[in-house]
Amino acid sequence: MSEHAEAHGGSTRLYIGIWFALLALTAIEVYLGYIHLPLHLMLTLLMGISVIKAALIMAYFMHLRFERLSLFLTLVPILVLCLCLIMIFFFPDGFRMQQLRTPLG
Amino acid sequence: MSDAHAESVALSSRWAGGARPYAMGSKKLGMWLFIISDALTFSALIMAYSYVRLSSPQWPTPFPFSPAIVFSTVMTFALLSSSLTMVMAVAAAHRHDHRKAVLWLLATMACGTVFVVLHMMEWMHLIHEGLRPWTTPAQWPWPNTPLFGATFFGLTGMHMLHVTIGIIYLGIIALGFGKKKFEAEDVEVSGLYWHFVDLVWMFIFPLIYLMSIKF
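Listed in order, the protein sequences are those of chains Z and H. Under this note's numbering, the first sequence is numbered contiguously, ending at residue 105. Under this note's numbering, the second sequence is numbered contiguously, ending at residue 1215.
Same shape as in the complex, but just chain Z (with noise of 0.2 Å):
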């Protein structure tokens, strides 16, 4: 790797290196499909390992982690925000819902 490219803040390395751990949150994804957990807490599962995921790809693919702080600080509270948007009807109160709706037949 040249020496730029390491500037730059990544090497190849890293970059397999990265690519190999999303596999194996990925692995570990389908495994716990696989086994067949309660609901509430494969969902609590997933959504923990694909907030990992996710920050891993932002970190070193997107490159935020070389970026000035500046740019962190602007991004993140919005995504920050898009992630409790997906939540909020799963967690903590969405579950109540599932008592509240109407009974089948």
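Wrong hints could be hidden among the right ones.
[Stated by the list, open to error] Okay, derived cross-link-like pairs now, EDC-like style, lysine to aspartate or glutamate, Cα gap no bigger than 20 Å in a straight line:
hint : chain 1 : residue 1 : chain 2 : residue 2
1    : H       : 1027      : Z       : 67
2    : H       : 1214      : H       : 1122
3    : H       : 1027      : H       : 1186
4    : H       : 1028      : H       : 1186
5    : H       : 1028      : H       : 1185
6    : H       : 1180      : Z       : 67
Just so you know, the hints here were simulated from the structure itself, not pulled from any lab data.
Go by the hints and put chain H onto chain Z.
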């Protein structure tokens, strides 16, 4: 104070437009801002999906581990690998290695195409069974869940549209960079878009597929 002096003050100040506050070009910053707005779009779709799913008395879980989950895992693998080839393309572009950058871009496009083709095959299979955006197949054991099709086709369709646009975008970038009309920054900006599409799939795959495994 003369105009020239005022201008020089403006240009030297970080937030007055002269200096680059994020230490990056306007193209890259523009792509980041687009990604944020696109993230909100996908969040809204995922939120609608979770709301509809939780407030329905029952929800179809139509994906058997084999072949549907194995199939979508291969799709995930194709997309993750395309992200790796994309960072290689960006690294090669920054080294001014035009030939290698174009080859890596073509590899990325190939992985993306594999993803879209596999996804289309899966769509065709479900459409063949009778799944539509407004109704589920009559033979499925989950009656009265018409919104399953709407959320499934809505979310995966929006994502597939992004992948398809991404493949075209990368094609244009590969052409332009190969002819030395585009700069390394253009490759990097297209990479940001591509990784974002990959990132979105990291949420759609568990929420749509792994949460709907048929046991």
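Verification of the supplied hints:
1. A C-alpha spacing of about 15 Å is found between residue 1027 of chain H and residue 67 of chain Z, which places the hinted pair at or below 20 Å, so the restraint holds.
2. Under the criterion of a C-alpha separation no larger than 20 Å, the hint pairing residue 1214 of chain H with residue 1122 of chain H is consistent with the structure, at around 16 Å.
3. At roughly 8 Å between alpha-carbon atoms, residue 1027 of chain H and residue 1186 of chain H fall within 20 Å of each other, so this suggested pair holds.
4. Pair hint residue 1028 of chain H plus residue 1186 of chain H holds up; C-alpha atoms about 8 Å apart against a cutoff of 20 Å.
5. As the CA atoms of residue 1028 of chain H and residue 1185 of chain H are separated by approximately 8 Å, the hinted pair is consistent with the 20 Å bound.
6. Our distance criterion of 20 Å between C-alpha atoms is broken by residue 1180 of chain H and residue 67 of chain Z, whose separation comes to about 26 Å.
Checked against the numbered hints given earlier, the structure breaks only hint 6 and satisfies all the rest.
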